[in-house]
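When we follow this note's numbering, the leftmost residue of the sequence shown carries the number 414, and every step to the right adds one.
The hints are simulated quantities; they were obtained by calculation from the structure and are not laboratory data.
Cβ coordinates follow ideal geometry from the N, Cα and C atoms, glycine included.
One thing to keep in mind: the hints can contain errors.
[What the hints assert, rightly or not] Okay, the calculated beta carbon distance ranges per label pair:
no., residue 1, residue 2, range
1, 561, 419, 50 to 56 Å
2, 841, 742, 19 to 25 Å
3, 480, 619, 38 to 44 Å
4, 733, 511, 18 to 24 Å
5, 540, 710, 39 to 45 Å
6, 581, 508, 24 to 30 Å
7, 537, 669, 53 to 59 Å
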Amino acid sequence: MLAAYMAIYITLFCLLLNHLLIRSRSRGQAAALLLLTAPVVWTGLDFLRGWLFTGLPWMDLGYALYRQPLLIQAADLGGHHLITFSVVLINALLFWLLDRIFISRSSSSDDSDYHFGHPMTVFLLLSCLGGYSVVRYQQISSETATADTALVSAVQGNIEQSKKWSPTQKEKTVERYLSLSAQALEGEEKPEFMVWPETALPFYPAREPLMNRVRTFVRKNEIHLLTGSPYFTVSPENKKPVTYSNSALLLNQEGRLSARYNKQHLVPFGEYVPLRTYLWFIKPLVELIGDFTPGDSFEPLDADTIQAGVLICFESIFPDIARRETVKGANLLVNLTNDAWYGESSAPHHSWAMTVFRAVENRRSLVRSANTGISGFINPTGEIQKESPLFKAQAINARTPLLTVHTVFMHGGYRFGVLCLALIPFLLYLSVLKQQKTITTERSR
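Could you build the full structure based on these sequences and the hints that come with them?
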């Protein structure tokens with residue numbers, strides 16, 4: 414079902430492109446028009462897919478370059494959508510060249526229709542983006558080398574999903590995380606900030622005696638601990654007296670809860686049921702799945718030198734959440750997730766790839782703690798500093814740069830995808846005008 418839904422956007426791309434190109438008076442004109450329309454239409458539809466019905470921007474084309482930092486630096490201008498635009502533009506340019514060299518010469522097409530002005534303009538645009546990427550990479554690398562740093566630890570518990578919520582397993586789970594955390598503290602330098610994954614604590618902490626062991630550990634070692642946990646809030650005066658959330662809890666060096674982030678972008682039919690107010694007949698499904706309440710704050714969590722912008726689970730694939738947190742003052746992005754659901758599929762690698770771009774777009778280091786992996790550290794250039802293998806319990810430490818620069822993406826560039834989407838009806842309008850003009854011309858002859 415999901416695959417069929419995702420395929421709709423590929424179908425739309427083909428239909429729209431066909432509509433825009435089919436009325437070209439020659440093959441050469443169609444090839445030139447492709448240079449303009451293909452990147453705009455593809456990128457616009459990618460944005461639409463990432464927004465419509467709460468959005469699923471899973472593995473857009475630009476994400477394929479996540480291990481090529483020199484090629485993705487322009488993401489701090491227009492986000493990952495600009496990189497996707499560039500990828501499609503390069504492919505459209507290659508198509509124009511191949512069509513010009515091979516296909517047109519074997520057909521009756523007039524070579525004069527293949528003007529080099531269009532591809533040269535595209536080549537210059539791509540050269541500018543490439544030059545910017547090289548210069549920006551060197552600039553951010555230099556700033557990263559001289560920036561303030563913090564020693565951070567990411568803990569990967571590797572708790573099986575089938576056992577994770579078992580009441581008999583919760584003590585073993587806490588023991589494993591405390592043991593791995595103790596190992597992380599054994600080096601010459603002690604981490605000042607430690608991260609456990611999404612719902613690492615498989616219980617509501619306010620009513621759980623095991624929470625005292627966690628607080629004691631934090632207080633004894635004088636660290637800041639950010640851990641995932643389910644959480645509930647009692648507000649008798651509200652319509653919903655008890656609200657439940659998927660949260661990240663920050664314990665300060667005294668072991669006290671100093672701040673909390675509630676996940677904002679909930680998983681449909683996983684953490685809540687859409688339209689439950691209007692669709693009365695799905696009430697049993699709500700009771701089965703649960704009914705989490707989304708958070709509404711982008712304020713970073715204060716851990717002394719670290720101002721942590723938190724992303725829980727697949728929030729890392731939505732660029733706007735990390736952007737808003739960075740605008741609010743976050744100097745470190747932290748992703749807590751549980752990818753055990755995905756098993757040995759390619760999904761954990763996809764999720765990791767998309768997370769890289771949040772670091773580049775906002776020029777912030779990013780720390781990721783995943784239950785079964787991939788956990789790791791990403792520099793503001795998008796370079797992967799450290800990463801863990803899947804399905805291995807371990808803790809990894811890294812000295813993490815804390816940049817505070819601002820980017821074009823943060824203050825307007827994030828609208829690049831919106832611009833491409835808005836251009837699609839404009840291109841269709843121009844196509845209709847051109848068709849009407851052609852009909853009028855033919856009738857006047």
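Hint-by-hint comparison with the structure:
no. : hint                  : result
1   : 561 x 419: 50 to 56 Å : 42 Å, violated
2   : 841 x 742: 19 to 25 Å : 42 Å, violated
3   : 480 x 619: 38 to 44 Å : 42 Å, holds
4   : 733 x 511: 18 to 24 Å : 37 Å, violated
5   : 540 x 710: 39 to 45 Å : 42 Å, holds
6   : 581 x 508: 24 to 30 Å : 60 Å, violated
7   : 537 x 669: 53 to 59 Å : 58 Å, holds
Checked against the numbered hints listed earlier, the structure breaks hints 1, 2, 4, 6; every other hint is satisfied.
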